[in-house]
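Full structure from sequences and hints, please.
Here the protein sequences come in this chain order: A and B. To convert, take the position in the first sequence, counting from 1, and add 166; that gives the numbering used here. Position 324 (the second sequence) corresponds to 323 in the numbering used here; numbering is contiguous.
Treat each hint with caution, since some may be false.
Computed from the model, here is a short list of chain A residues facing chain B with C-beta under 8 Å [stated by the list, open to error]:
1) Leu202
2) Gly205
3) Val215
4) Gln217
5) Leu297
6) Met412
7) Ser415
8) Ala435
9) Ile438
10) Asn441
11) Tyr473
Straight line, CA to CA, 27 Å or less: simulated DSS-like cross-link-like pairs of lysine-lysine [unchecked claim]:
12) B:Lys233 with B:Lys353
13) A:Lys278 with B:Lys166
14) A:Lys449 with A:Lys278
15) B:Lys233 with B:Lys172
16) B:Lys82 with B:Lys166
17) B:Lys353 with A:Lys278
Simulated from the structure, these hints should not be mistaken for laboratory data. Just so it is clear, the structure is predicted and the values come from calculations on it, not from any experiment. The beta carbon of each residue, even a glycine, is placed where N, CA and C say it ideally should be.
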Amino acid sequence: MTTAIQEPLQEPQERARTTRVGDAVFSRTALGAALLVVGMLAGVAVFLVAQGLPALEASGEQAYGKPSVWSLVGPLLFGTVLSSVLALVIVTPLAIGLALVISLYAPRRVAKPVGYLVDLLAAVPSVVFGLWGIAVLAPRLVPVYEWLNSWFGWIPLFGGPVSSSGRTLLTASVVLALMALPIVTAILREIFAQTPTMHEEAALALGATRWEMIRMAVLPYARSGIVAALLLGLGRALGETMAVAMVLSATGAIVSFDVISSANSNTIAASIANNYANAAGLKINVLIFAGLALFVLTFVVNFLGRYIATRGQVKA
Amino acid sequence: MSTVIDTDTQPVDRLEPLTGGTLPRIAPVLVGVCSVALGVLAWLLGLGVGGAVVVAWLAYLVGITGWTRAVEGSRQSTDTLVKTLMWTAFAVAMVPLVSLVWTVVARGAPVLTPQFLNDDMSGRALLGVGGGIYHAIMGTIMITLIAAVIAVPIGLFTAIYLVEYGKNNRLAKVITFLVDVMTGIPSIVAGLFAIALFIVITGDPLPRVGIGGAIALSLLMLPTVIRSVEEMLKLVPDDLREASYALGVPRWRTIVKVVLPTAVAGIVTGVTLAIARVAGETAPLLLILGTARVANWNPFEGPVQTLPVYIFQSLGQTTHFKYGEIWTDRVWGAALFLIIIVMSLNLVARIVGKAFAPKTGR
Chain A
167 MTTAIQEPLQ
177 EPQERARTTR
187 VGDAVFSRTA
197 LGAALLVVGM
207 LAGVAVFLVA
217 QGLPALEASG
227 EQAYGKPSVW
237 SLVGPLLFGT
247 VLSSVLALVI
257 VTPLAIGLAL
267 VISLYAPRRV
277 AKPVGYLVDL
287 LAAVPSVVFG
297 LWGIAVLAPR
307 LVPVYEWLNS
317 WFGWIPLFGG
327 PVSSSGRTLL
337 TASVVLALMA
347 LPIVTAILRE
357 IFAQTPTMHE
367 EAALALGATR
377 WEMIRMAVLP
387 YARSGIVAAL
397 LLGLGRALGE
407 TMAVAMVLSA
417 TGAIVSFDVI
427 SSANSNTIAA
437 SIANNYANAA
447 GLKINVLIFA
457 GLALFVLTFV
467 VNFLGRYIAT
477 RGQVKA
Chain B
0 MSTVIDTDTQ
10 PVDRLEPLTG
20 GTLPRIAPVL
30 VGVCSVALGV
40 LAWLLGLGVG
50 GAVVVAWLAY
60 LVGITGWTRA
70 VEGSRQSTDT
80 LVKTLMWTAF
90 AVAMVPLVSL
100 VWTVVARGAP
110 VLTPQFLNDD
120 MSGRALLGVG
130 GGIYHAIMGT
140 IMITLIAAVI
150 AVPIGLFTAI
160 YLVEYGKNNR
170 LAKVITFLVD
180 VMTGIPSIVA
190 GLFAIALFIV
200 ITGDPLPRVG
210 IGGAIALSLL
220 MLPTVIRSVE
230 EMLKLVPDDL
240 REASYALGVP
250 RWRTIVKVVL
260 PTAVAGIVTG
270 VTLAIARVAG
280 ETAPLLLILG
290 TARVANWNPF
300 EGPVQTLPVY
310 IFQSLGQTTH
320 FKYGEIWTDR
330 VWGAALFLII
340 IVMSLNLVAR
350 IVGKAFAPKT
360 GR
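Here it is in structure tokens:
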């Protein structure tokens with residue numbers, strides 16, 4: 167600390183002034199950066215609203231052949247929610263199983279490398295997931311879809327006719343689920359790790375089996391955390407663009423409950439990515455309006471997730 | 000916690016005691032072998048491989064649970080059932096993840112030659128052999144670096160404000176909330192924002208500029224950076240700050256010389272992870288970067304190519320009757336290289352986090 171020795175040599179008054187100036191500059195910079203963040207977000211909101219609102223007057227050709235922008239965005243919202251909810255249904259048991267095995271069942275020397283691998287997979291870019299979905303997953307799922315259609319065809323979801331390429335909404339949902347899996351698992355592991363070890367050991371010492379210990383000590387503690395983790399995963403799936411845009415061969419803005427046929431609903435994000443190239447004029451406003459709708463939807467879901475998470479923390 | 004209390008008040012004798020026989024240790028193996036045999040039988044009888052696996056799995060599930068129930072009682076059999084289901088979920092989750100990594104490595108590795116990495120796509124609009132991803136690698140590095148240069152200082156100072164100056168005042172609360180909102184911005188919406196911004200700035204109806212992509216990425220990076228730096232700064236013990244103030248060190252020097260050095264490992268880790276995340280982003284760049292076939296070092300003019308966008312755009316060509324195959328090769332090669340970049344950034348982040356973690360002595 168050479169400065170400590172040098173400083174007494176300065177004039178006291180001068181030192182006080184540099185201190186004051188330094189502090190003022192530094193705190194103003196920090197405040198400025200914080201306000202800049204507020205400004206950026208306000209900028210995004212203002213731009214999206216200002217550029218999105220003109221879309222309300224779009225119709226016909228400009229609204230991609232729909233009478234109004236609402237009849238375009240409505241079905242797209244439906245497709246977005248349907249694919250994300252299906253992804254959530256798929257990811258829930260897998261993530262809970264994976265997280266419980268890693269944190270409670272597997273021996274440490276298996277659990278550590280596996281946990282590490284899952285963390286690394288969270289970093290795989292979505293475009294690579296999309297690529298794998300088309301090349302590997304979609305063709306393998308076709309026989310599964312045929313089986314689903316022949317046995318469960320009476321459920322509207324599997325009404326068919328089965329798409330021969332396998333590039334359906336359900337395939338997109340499976341890819342979305344796999345993309346959300348590492349993140350949801352990571353959050354769940356953190357939550358399971360927060361269970362007091364005392365509770366776990368006490369349950370085992372009282373003669374509970376492993377599952378009874380999980381049911382009585384771990385799950386009550388983790389309940390709100392699990393819901394929050396799943397909602398955050400849902401928020402991610404809702405906004406995901408590339409995997410859906412690549413995997414899904416979409417028919418456009420239609421409402422279709424059938425998730426294994428070749429007539430598929432599209433999602434907002436994917437339809438923006440697909441339609442952007444040939445958009446001009448009012449069409450851009452229409453796309454921005456759709457983006458705004460997606461933003462509002464993800465915001466609500468994320469907010470709900472965080473709210474439940476913080477409420478759970480207070481209780482615990 | 001109510002569940003725990005409920006079970007406490009249950010009469011003790013409602014739970015069946017665990018005193019009974021135990022299965023031989025070899026039991027899972029025995030049941031496993033029988034199930035595999037059943038699966039093979041099903042396969043011979045004409046079920047597909049998938050069907051045979053399902054049959055074998057069901058046989059194992061029923062077999063091991065039933066046997067445990069007969070010997071050890073219902074509580075143990077529930078335990079076994081759940082355990083088997085957990086491991087099944089684990090296996091089902093791991094198969095696609097491993098398959099993904101395996102496919103990309105197996106199909107991408109033969110393509111990754113020095114020539115592929117050093118060549119660009121000049122003169123190969125759709126047809127033509129050879130070519131490479133040099134321009135896309137350089138574009139990815141340039142755009143990601145510019146995004147980091149924008150987002151890291153802003154994020155760092157915002158986090159400093161939140162932790163050191165804001166201390167739960169109203170502005171800090173508002174900013175924390177807004178950062179939460181920002182985390183939820185879908186990447187494609189960030190791209191839409193960038194393009195709407197540059198339509199206004201340049202007056203060009205279809206602007207193609209690198210800096211626009213960098214702004215979209217920095218928008219996605221900011222919340223991650225702020226969050227991780229904030230967490231790290233909060234971990235710095237207040238004792239250190241107070242000791243520094245007591246020695247007469249002004250606040251800003253305390254932050255620069257005491258707080259930041261203590262937290263530097265975590266900050267570097269968080270920032271690197273944020274960079275790794277945006278390096279793989281496609282959607283926001285798709286709209287504003289356009290298509291380039293040679294490296295463009297000028298972020299303020301003309302289209303730029305990045306690896307993820309290159310992969311997405313090349314995918315459209317893989318169905319070409321004659322050149323489809325070479326496009327397929329290019330796609331997988333680029334995908335493998337992108338994964339290598341992102342994974343090495345992740346590894347660096349984790350190693351930095353481990354190696355330079357402050358020794359708090361606790």
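Results of checking the hints against the structure:
no.	hint	in the structure
1	Leu202	holds, 6 Å
2	Gly205	violated, 10 Å
3	Val215	violated, 11 Å
4	Gln217	holds, 5 Å
5	Leu297	holds, 6 Å
6	Met412	holds, 7 Å
7	Ser415	violated, 12 Å
8	Ala435	holds, 5 Å
9	Ile438	holds, 5 Å
10	Asn441	violated, 11 Å
11	Tyr473	violated, 10 Å
12	B:Lys233 with B:Lys353	holds, 18 Å
13	A:Lys278 with B:Lys166	violated, 37 Å
14	A:Lys449 with A:Lys278	violated, 50 Å
15	B:Lys233 with B:Lys172	holds, 15 Å
16	B:Lys82 with B:Lys166	violated, 46 Å
17	B:Lys353 with A:Lys278	holds, 15 Å
Of the numbered hints given earlier, the model fails hints 2, 3, 7, 10, 11, 13, 14, 16; all others are met.
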